[in-house]
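Given the sequences, and given the hints that come with them, work out the whole structure.
For the sequence shown, position 76 matches number 76 in the UniProt record's numbering, and the numbering has no gaps at all.
Source of the hints: derived by calculation from the structure; they are not laboratory data. Built from N, CA and C at the ideal position, the CB exists for glycine as well. Among these hints, one or two may not hold up.
Claimed, not checked - Listed next, with one range per pair, are the computed distances between beta-carbon atoms:
id : residue 1 : residue 2 : range
1  : Ala542    : Gly284    : 20 to 28 angstroms
2  : Glu364    : Pro333    : 15 to 23 angstroms
3  : Glu212    : Asn324    : 29 to 37 angstroms
4  : His114    : Thr504    : 13 to 21 angstroms
5  : His114    : Phe240    : 50 to 58 angstroms
Unchecked claim - In silico DSS-like pairs for lysine-lysine, Cα to Cα no more than 27 angstroms straight-line:
id : residue 1 : residue 2
6  : Lys152    : Lys133
7  : Lys383    : Lys411
8  : Lys489    : Lys456
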Amino acid sequence: MPSHAAKPLKTKKRAKDDLEEEADLEAQLFGTKKSSKKTSKRSKHDDEEDTGMGWMQDSELFTVDAPTFEVPSFVDGGDESDGSDVSDDLEPSFEFPEILDTAPPKSVAGPVWHDPADDQMTVSMQEKKRLRKLGRGKNPIDQVTGGELQVKLREQFERLHPKPEWASRRVDTRTSTIQQLLSSTESFLANERREALAPSYIDIQRLVNANEQNPTTGKKKASDAGAGVVDVAWHPSTKFAVMAVAGGDRRVRLFNIDGHTNAPLVTLHIPSLPLKRATFHPSGSALLLTGNRPFYYTYDLATQTCIRSPRNLFGSTPTPTSPNALDKHAFSPDGTILAVAGRRGCVSLIEWGSAGSTGVVVGELKSGRGGAIQDLVWSPDGKTLSVLGGRSGDEVEVWDVAERKVVRQWKDDRAYGGLLMRRGSDFSAIGSSTGIVNLYQNGTLGGAKGPIESWKSLEHLTTPISDISFHPSGELLATASAQKKDALKLYHLPSGTAFSNWPTAATPLGRVSTVNFSPNGEYMSVGNSKGHVLLWSLKHFAP
1 MPSHAAKPLK TKKRAKDDLE EEADLEAQLF GTKKSSKKTS KRSKHDDEED TGMGWMQDSE
61 LFTVDAPTFE VPSFVDGGDE SDGSDVSDDL EPSFEFPEIL DTAPPKSVAG PVWHDPADDQ
121 MTVSMQEKKR LRKLGRGKNP IDQVTGGELQ VKLREQFERL HPKPEWASRR VDTRTSTIQQ
181 LLSSTESFLA NERREALAPS YIDIQRLVNA NEQNPTTGKK KASDAGAGVV DVAWHPSTKF
241 AVMAVAGGDR RVRLFNIDGH TNAPLVTLHI PSLPLKRATF HPSGSALLLT GNRPFYYTYD
301 LATQTCIRSP RNLFGSTPTP TSPNALDKHA FSPDGTILAV AGRRGCVSLI EWGSAGSTGV
361 VVGELKSGRG GAIQDLVWSP DGKTLSVLGG RSGDEVEVWD VAERKVVRQW KDDRAYGGLL
421 MRRGSDFSAI GSSTGIVNLY QNGTLGGAKG PIESWKSLEH LTTPISDISF HPSGELLATA
481 SAQKKDALKL YHLPSGTAFS NWPTAATPLG RVSTVNFSPN GEYMSVGNSK GHVLLWSLKH
541 FAP
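What follows is the structure, given as structure tokens:
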């Protein structure tokens with residue numbers, strides 16, 4: 001019996017020890033004194049100061065810390081309205097700024113870094129000539145601090161280079177497109193008509209060379225081949241700018257022209273053909289490559305295949321009139337016939353189908369006159385073919401291709417040694433070995449017979465003309481000579497005057513072998529004997 005009565009006392013003592021241990025742990029964690037005391041004992045010491053939190057409610061023991069403000073405590077009986085005022089003052093930091101119905105504020109960027117030494121240093125405005133202008137004014141300044149000098153330099157820069165108009169206009173993105181259109185009286189459609197080009201000044205800008213990433217070497221691979229760039233051809237499409245560059249290294253390089261990178265597309269190497277000309281088919285499906293050989297190559301752009309013409313193109317045995325070279329040729333406007341200049345004034349007509357050349361000579365034009373053929377030019381309707389030749393190179397025969405007969409023949413008494421003939425929208429031009437380029441109005445050539453007088457003679461060049469090119473708009477004419485350095489002139493049409501501001505003495509043209517305009521008229525390319533294709537942008541015709 002006695003042993004059984006001692007067990008409850010031991011249990012009570014152990015429970016008391018556990019409570020005291022818990023009280024000590026609680027005091028260490030929460031800073032309280034032995035909170036295991038009975039609440040009845042606490043009532044006896046109400047007058048004593050108690051810093052413990054055992055009497056506080058759970059909502060007062062635990063609070064949530066906000067990241068930017070502290071919740072006020074009202075334990076001391078403070079006015080709760082004061083606490084609500086404090087929280088109201090902090091609410092805007094948690095709300096989005098209401099700027100949807102107002103214009104966005106202008107942001108003024110301040111300096112990223114300020115050097116205190118700028119305010120301590122002084123600069124004399126009279127020591128250097130460049131600074132004297134900054135110190136002038138109603139109240140001349142002799143000494144300024146570094147910060148004041150920066151302000152004056154900035155003001156001078158803004159005065160010399162004012163802010164452009166486009167940078168001052170602000171577009172309200174919150175306004176719908178329909179509201180923007182209806183808020184103006186301007187036309188919705190752009191006017192496609194461009195102002196006429198001024199005759200005295202040309203706005204032209206130098207761009208990256210067209211073949212900068214894959215230039216043509218200046219070496220000649222044959223004695224009868226040209227050096228550097230021998231010809232440049234533009235793809236006839238106006239939607240994209242693709243250029244073919246034929247070089248004396250017997251390689252043809254194609255480029256995608258954008259005026260910035262001019263990415264190379266493909267390079268063709270033709271060892272058996274010394275290249276002289278590269279011509280795109282009017283449909284843009286193929287590229288014709290010719291030279292000082294009685295055969296040609298055709299590069300199909302769709303299949304990327306290069307095909308050589310048949311070996312018996314002009315018969316199994318060459319005739320006295322069969323051409324030895326095919327570099328003098330011209331496609332009909334519809335691309336169905338390729339006219340090739342032969343010997344003794346004979347012109348061969350080669351059929352060209354939709355799938356490419358058939359290699360069949362469908363006809364020959366023989367006038368019986370002596371002398372070599374210098375150039376071939378089709379009429380816009382494709383019915384007639386003008387042949388420049390004769391013993392002096394000053395005779396032009398106009399053939400009716402369907403009837404195979406000469407319908408007109410005229411001669412220019414000033415075109416001695418004619419080399420090239422080009423036709424534009426309103427004018428035709430003949431370049432001679434003396435450097436003179438004669439212009440003719442196309443309307444006056446319809447019924448011309450015998451000698452006729454040119455509309456205007458361009459006599460700025462004095463060496464044989466190597467290339468002539470009309471701008472697609474008919475407002476520009478470029479002439480060049482490869483026998484003299486920097487021999488290129490750009491003329492305004494219909495005035496026939498040369499532009500005075502370009503080219504200048506500092507324009508790096510070199511010996512110009514070819515000059516061309518892109519089909520949309522935006523670019524002008526110039527190939528030279530060093531293997532470069534110089535590129536310019538004609539701002540007047542840029543989209």
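Structure-based check of all given hints:
1. Under the hint 20 to 28 angstroms, the C-beta atoms of Ala542 and Gly284, about 22 angstroms apart, fit the expected range.
2. As the Cβ distance of Glu364 to Pro333 is approximately 21 angstroms, the hint placing it in 15 to 23 angstroms holds.
3. Judged by the Cβ atoms, the range 29 to 37 angstroms given for Glu212 and Asn324 holds: they are separated by roughly 36 angstroms.
4. Our hint of 13 to 21 angstroms for His114 and Thr504 is violated, since their Cβ atoms are close to 46 angstroms apart.
5. Taking 50 to 58 angstroms as the suggested C-beta distance range, the pair His114 and Phe240 conforms, at roughly 52 angstroms.
6. The suggested pairing of Lys152 with Lys133 holds, with an alpha-carbon distance near 10 angstroms, which does not exceed 27 angstroms.
7. Proposed proximity of Lys383 and Lys411 is supported: the alpha carbons are some 21 angstroms apart, at most 27 angstroms.
8. This hinted pair checks out: Lys489 and Lys456 have alpha carbons roughly 15 angstroms apart, not beyond 27 angstroms.
The structure shown violates just one earlier hint, number 4.
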